[in-house]
Amino acid sequence: MTTVRLGSRPSAVAPAGAGAAAKTRRPRPARLLSRGSRVTMWACLLVALAVYVLFGIVPMIANVVMSFTNYTALPGASVNNVGFSNYSAMYTTQAPGFDQAIVATLVFVVATTIGQNIVGLVFAHKLRGEGRAAAVGRVLVFMPIALGVTIVGLIWILFFNPDQGPAASLLGAFGVHSAFFGGDNWAMPLVIFVQIWQNAGFSTLVFIGGLRAINPSIYEAAKMDGINGWQRLRRITFPLLAPSVTVNVLLAVVGSFTTYNLIYVLTDGQYGTQTLGMLAFNAAFGSFQANLGYGAAVLVFLFVVTLVVAIPLMLLLRYRERRLFG
Amino acid sequence: MTVRRPRLVSGTAIGILIVLLFLVPVLYVVMMAFESPSHFLTSPLTPGSPDVSNFSGSWSSADLGVELLNTILYSVVASALSTLLGLAIAFPIARRLLRGHSLLYTFCFIGLFLPFSVIPLFAESRILDLYNNRIGYIILHVEPGLPLAVVLLTAAIVSVPHELDEAAYMEGAGYLTYLRRVIVPLIRPALLIAFLYGMLGVWNDIIGPVVLLADPSLFPVTRGIYNFFGSNESQWTLLAAGIVIASLPVVILFAASQRQINRASVVGGVKG
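Keeping their order, the protein sequence lines are chains P and D. Quick note on numbering that gives the first Met the number 0: the first sequence kicks off at 0 and runs consecutively. Quick note on numbering that gives the first Met the number 0: the second sequence kicks off at 0 and runs consecutively.
Since the hints were derived computationally from the structure, they do not count as laboratory data. Be aware that one or more of the hints could be misleading.
[Stated by the list, open to error] One side of the interface only, derived from the structure: several residues of chain D facing chain P at Cβ under 7 Å:
no. : residue
1   : G10
2   : L175
3   : S246
4   : L247
[Stated by the list, open to error] These stretches of chain D come out as covered by chain P in the derived footprint (C-beta under 8 Å, 3 or more residues):
no. : region
5   : 45–59
6   : 62–74
7   : 110–117
C-beta: ideal position from N, C-alpha, C; glycine also.
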């Protein structure tokens with residue numbers, strides 16, 4: 000005797016998820032939350048989103064709005080719409096330092112990105128092991144991130160003290176004197192150095208993760224074919240590290256475009272180190288200026304430049320990843 | 000592996016370089032902190048006899064006690080808030096309780112790339128009366144830690160089995176009770192990392208205090224020791240002592256949490 004089932008209806012008493020015979024898909028968990036719980040969930044979610052929007056998204060919008068005004072930090076001053084005059088000031092010499100800021104920013108971004116990645120890769124090879132020495136090394140390299148920009152900046156200011164610091168004494172033994180952070184020649188290279196020093200730990204950790212994901216048998220096969228260190232790096236390791244390279248390069252580029260607090264501590268933007276971010280800050284909060292409108296305009300410009308550089312870069316790096324990994 | 004792999008650069012050289020680069024400058028500042036100001040003026044590179052007057056000097060002249068308390072207050076409270084609010088967003092995303100959950104995730108993810116923009120935040124703080132007060136300063140520092148918390152906690156919650164959700168529902172447990180009793184203990188490593196990272200961000204912030212605080216009694220330590228800088232040379236040793244004092248809590252915290260972080264890396268499925 001066969002019974003024909005004309006369409007099965009899920010039984011009303013079927014257990015909520017424990018694999019009822021007719022259904023293999025577990026019901027969506029949303030149905031598991033009681034109505035009171037769902038209200039709580041939404042309340043918490045909306046509060047969190049409100050904070051995120053109010054203090055993360057709104058400032059971006061406010062920045063654009065401010066760039067069309069002459070808002071100053073001075074109390075009692077009126078705020079007026081000045082149209083595009085903040086932007087046109089960038090092109091003309093009305094705004095001193097803008098062209099130099101663009102050059103400084105580009106130098107800073109390129110140098111720190113390349114430097115951080117090379118240093119991170121070199122350190123990662125050395126510090127990838129499981130032993131105690133490697134662990135200590137990782138802690139040392141990561142320490143600047145824990146110390147923070149202020150401490151890091153002040154440490155290096157003390158180290159590169161032109162009169163009494165160790166670097167000065169070392170150079171003095173060769174009869175060389177330098178103003179270090181206080182001179183046009185070395186301020187920018189030293190700032191780049193400290194920036195790389197500060198962030199090397201992060202790049203190193205990312206590359207260590209990438210290195211550990213590589214199958215060692217690939218190296219053994221390559222060794223049988225006879226391969227030296229440089230070829231191994233270029234043909235095997237570096238391509239297989241593509242995901243880590245993507246992460247490190249993107250973070251370094253975006254980070255170095257927008258960051259300026261280390262520059263603030265080291266040189267306050269003097270001696271050729273005034274990047275666009277530093278310029279915006281000084282325009283708004285510097286000693287003799289209080290032009291937040293112009294500062295906001297510089298920030299808008301910086302944001303656009305960052306997007307224009309970062310998005311194609313990201314697409315390029317992801318394309319490279321897909322080509323290498325299929 | 001006992002066979003030596005072909006090496007580009009000597010491994011020992013790199014090791015020595017790392018130690019030199021990352022240990023020597025720090026040790027120099029620590030040594031400086033123990034030099035008396037007069038000794039520093041004459042022979043700064045030799046330790047001389049240890050002198051602790053710099054510590055008491057910088058402690059009192061910058062009021063580091065008050066500033067340390069401020070720093071701890073700001074960073075702990077702001078980061079706790081960002082971690083908790085991050086959890087409030089991460090759970091619905093991880094459990095797919097909303098229709099737009101992946102869009103929401105992307106929305107929060109791009110927050111990782113939003114800089115802490117003091118120019119508009121300053122204007123906002125004036126309008127919302129968050130300028131130059133403790134509560135305002137804390138509130139302004141909650142958002143920077145949010146995106147990372149959302150990303151980390153979403154990944155962590157996804158690895159918690161759904162059966163626990165169902166069991167809690169059967170028991171009639173409320174949303175917040177369930178989060179507190181079941182989820183939080185299970186994702187503790189991720190919570191800790193999110194909290195520590197957020198805390199570091201607030202602790203080490205120097206631009207924030209410069210722009211958003213005016214009253215010296217509200218300053219955190221970073222702002223406080225910054226005062227030593229730019230003064231005359233006899234203050235250099237005080238600055239060094241201030242640096243040591245300001246970084247001690249962070250170093251201790253960092254060392255104490257190493258084991259938790261290592262465990263978290265394994266739990267999260269990421270090696271190392």
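Evaluated hints:
Evaluation of the D/G10 hint against chain P yields a held restraint, the C-beta minimum of about 6 Å falling below 7 Å. A distance limit of 7 Å between C-beta atoms decides the matter here; for D/L175 the minimum to chain P is near 6 Å, and the interface restraint holds. Hint on D/S246 holds. Least Cβ distance to chain P is approximately 5 Å, under the 7 Å limit. Using the Cβ-Cβ criterion of 7 Å, the hint placing D/L247 at the interface with chain P is not satisfied: the shortest such distance is roughly 11 Å.
Given as covered by chain P, the region 45–59 of chain D fails the check, having 0 residues with a CB less than 8 Å from a CB of that chain where 3 are the minimum. With 0 residues having a beta carbon nearer than 8 Å to a beta carbon of chain P, the region 62–74 of chain D misses the requirement of three or more and the stated coverage is violated. With 6 residues having a Cβ less than 8 Å from any Cβ of chain P, the region 110–117 of chain D passes the three-residue criterion, so the hint holds.
The structure fails hints 4, 5 and 6 (numbered hints given earlier, in ascending order).
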